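With the hints as a guide, dock the two chains, each given alone in a separate frame, to form the complex.
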Amino acid sequence: MDYSLDFEIGIVDFRNIIKVIKDTYDYDFTDYSLISLKRRFEQVIQLHNLKHIDLLIDRLREDKLFFQTFLQEIAVESTEMFRDPSLWRYMRDELLPSMLNESSKLKIWIPMCVSGDELFTLAILLKEQGLMNQVDIVTTCLNELIISHIKSGIFKNYKIEVSEDNFARYQGKGKLSDYYQRINDQSVRDSSLIKNVEFIKQNINFDNSPQDIKLILCRNQLIYFTQNLHDKVLKVFSDSLRTGGHLILGVKEQVGLISSKYFRLINETESTYKKI
Amino acid sequence: MYKAIMIGGSAGSFQVVANILGVIPRDIEIPVFLCLHRLKHVRSGFVEALSLKSNIPVVEPFDKEPIKAGRAYLAPANYHMFIELGNRFALSTEEPVNHSRPSIDLTFITAAQAYRNKLIGIILSGANRDGSFGLKKISEFGGLTIVQDPKDCEVKTMTEAALQLTKVDHVFTVDKILDYFRQFKFTNT
Numbered sequence: 001m002d003y004s005l006d007f008e009i010g011i012v013d014f015r016n017i018i019k020v021i022k023d024t025y026d027y028d029f030t031d032y033s034l035i036s037l038k039r040r041f042e043q044v045i046q047l048h049n050l051k052h053i054d055l056l057i058d059r060l061r062e063d064k065l066f067f068q069t070f071l072q073e074i075a076v077e078s079t080e081m082f083r084d085p086s087l088w089r090y091m092r093d094e095l096l097p098s099m100l101n102e103s104s105k106l107k108i109w110i111p112m113c114v115s116g117d118e119l120f121t122l123a124i125l126l127k128e129q130g131l132m133n134q135v136d137i138v139t140t141c142l143n144e145l146i147i148s149h150i151k152s153g154i155f156k157n158y159k160i161e162v163s164e165d166n167f168a169r170y171q172g173k174g175k176l177s178d179y180y181q182r183i184n185d186q187s188v189r190d191s192s193l194i195k196n197v198e199f200i201k202q203n204i205n206f207d208n209s210p211q212d213i214k215l216i217l218c219r220n221q222l223i224y225f226t227q228n229l230h231d232k233v234l235k236v237f238s239d240s241l242r243t244g245g246h247l248i249l250g251v252k253e254q255v256g257l258i259s260s261k262y263f264r265l266i267n268e269t270e271s272t273y274k275k276i
Numbered sequence: 001m002y003k004a005i006m007i008g009g010s011a012g013s014f015q016v017v018a019n020i021l022g023v024i025p026r027d028i029e030i031p032v033f034l035c036l037h038r039l040k041h042v043r044s045g046f047v048e049a050l051s052l053k054s055n056i057p058v059v060e061p062f063d064k065e066p067i068k069a070g071r072a073y074l075a076p077a078n079y080h081m082f083i084e085l086g087n088r089f090a091l092s093t094e095e096p097v098n099h100s101r102p103s104i105d106l107t108f109i110t111a112a113q114a115y116r117n118k119l120i121g122i123i124l125s126g127a128n129r130d131g132s133f134g135l136k137k138i139s140e141f142g143g144l145t146i147v148q149d150p151k152d153c154e155v156k157t158m159t160e161a162a163l164q165l166t167k168v169d170h171v172f173t174v175d176k177i178l179d180y181f182r183q184f185k186f187t188n189t
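First to last, the sequence lines map onto chains A and S.
Each residue of the first sequence is one higher than the one before, starting from 1 at the first, in the working numbering.
Each residue of the second sequence is one higher than the one before, starting from 1 at the first, in the working numbering.
The following block holds chain S by itself, in its conformation from the complex (with noise of 0.2 Å):
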């Protein structure tokens, strides 16, 4: 039923996205996008960090690479991180966006307008605005959005802005977004 996810994060959403990844079903048959914030001068390391725990390959993808099932991928730094048509990334230079490249709002925009209502949002803590506007973007498509509970982040900035600017559909704790992701049958079909 749903085609996509879509999880975006910064101060204090490591762990978070770790955990995920780590109870995500082995055979989940759709993509993983994550946009988090990161030193941009940093290439290296993060994906090797995030693939430790994870049930499923994540990588960095080169611009135009086809979107495959199954996998997690990682907005590359200092990039901006976009689902272009035919199923293919495209990554750009272009200026910062909230002081941000990756951008969580352009990542989210673009997999709104690709996937609509077949994409799931993700919120987790983080430390500036990024991310809310592409929120609402998902929410407007008739995507499913979920914000991690202010209360559990170690950072709520994020967060508390995508709740302000869209109603969205589920605030779980980190506890209830691994119960959700451990229960949820993610099948094409």
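Extracted from the complex, chain A is given alone in its bound form (with noise of 0.2 Å):
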């Protein structure tokens, strides 16, 4: 749906629906960027025609359902499958090769997944590649509506000529759409792609975080999170990393001054780090 720019909530209201989910489910959301998640408060109180913020509110207090949908709706996804081709080359060529040179399995986390286009589109890769067999990917989510949603492979249509260009430049050997299919007004991704992934909910403070990874792809969702939350995120990432493991940002994304004793950057083009 389009949404109006017109409508805007206050700030009061803003901190009171944050009050709210805090204390009712204890969820934090006070360290997200302001006008971020000021706009999609807005938006989902668009869709769901509640403009009188204390029917928002009693809403989020009372359903649990609801309150779900909220989370899933708030979650900013990622915007098209290869966005930025030139670093899904990057990984194929040097630093997938790189990585897998170890004895061990290459595990992967994609942290923070909302509408799995980048987790379809790094098992397109590997799969293009013939890598499926060496490497374990684990997907956090915030909740079971997100996974069964990106479980689905539902994929918005209105993705799919600029994923297809994305394609085209990052120069696979198939095509796109070999990966999946038009049914009715929906595109639906092959979920035999992700049929060994393993699904994990997390909640936003990122407890029992997976282990022993060797990469991180998390780009552009700390974009949400003000300077305090993506430095403790970042921490957590660090801590989850192998020493020499590798950590991928959005291309715009730095980790900062405080952060950066716990990663050198190693191509800046394409914003990855190593842990140190």
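Hints listed in this document are in silico derivations from the structure and should not be mistaken for laboratory results.
Being a predicted model, the structure only gives us computed values, none of them experimental.
Beta carbons are placed, not taken as given, at the ideal position from N, Cα and C, and that holds for glycine.
Don't take every hint at face value.
[To be verified] Short, incomplete list of chain A residues facing chain S, as computed with Cβ under 8 Å:
{"id": "1", "residue": "R169"}
{"id": "2", "residue": "N220"}
{"id": "3", "residue": "Q227"}
As structure tokens, then:
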């Protein structure tokens, strides 16, 4: 749907929504970037026609299922498949081959997965390279709704054209359309691509993060956090990664001053870091 | 008196922006934000092209980067660019607005909220309606609004949409815009 830019909530209402979520569900959005989160709230309010903030607050407090839907709707998903084709070429041609020389399996973590675009992109890359059996992928998501959405393979139609363009620039072996089908109004990705992926539900505090990871792919999610939370999460990533493991952020993200003690930049163009 | 300049444009705006950056005072004491529609898959080249004649450094900000005076900041490809609290940028990959990412409306709205009546907003040549709502917001907060004269635009859709929605302070040809930038005292005091 198209959201009106004219509908805005005030800062007091914004704080009240955060408070009721914290009090009821112990989810703390205090350290999320203000503008983005406020815009997400405004969009969900319009979607559910809850323009009286009291209605939204009551609904959040009383309706646990609604809260799960709400969590899914305020999460910002990645924009397309094979976003930044040069990053995927770099992974295919340089980074993964250099990491696969080791004896044990390559364990990759995709945190805060929302649409599955990056997950399916990675899976297609691995399949084309015949590397599926040498890699374990673990994906963490905020709730079961998001997990089942990703597993369904459903892919928004407006992303197809740009994803096809990206795939051509990635110079894949086959065609992207080999990996999805158009069914009525929807496009559905081949879920066999992710049949061995481990899905874990993880709250926003990053409790019980996976360990012994060699590569974390977390592009354009930390941009929704303040510097404070960004640094906390990078500490979690550092603890999860083996020494010498890699972290890939979005092309316009940096680990920043405080977290630079854990990571060394190895590819500036593709925002790729090595754990020190 | 003004604390920031916000420029939005699309088709036909590149040369105008390059010319503005070529006349802008080297010692300008405020930041310049540029939100220009661009190809989403072309990450490099744009900053370099704008830098050629520019009197001030042109950069694409990283997420959370602090905003500094005397620089021109170009919204990066395939991201929205917000002016966040605490004088920093925040980037976003949320859905396109007006089929655009970066969306001029979103950057203008967040800049209007941050700088209120201390902001100059400028809409240049362009092929869709993006930016008109954002310019209205700048006007509502008491900022100064300038639109390139549609007759002077390579593509006039964007400027006409802006003029429809807002009673702007100035409708200027490119030459007038350049004169304005040459003569204006952009001091912070």
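Hints, verified against the model:
Annotation: interface hint on A/R169 holds; nearest CB of chain S at approximately 6 Å, less than 8 Å. For A/N220, the shortest C-beta to C-beta distance to chain S is roughly 5 Å, which falls under 8 Å, so the interface hint holds. The interface hint given for A/Q227 is met, as the beta carbon of that residue sits about 6 Å from the closest beta carbon of chain S, less than 8 Å.
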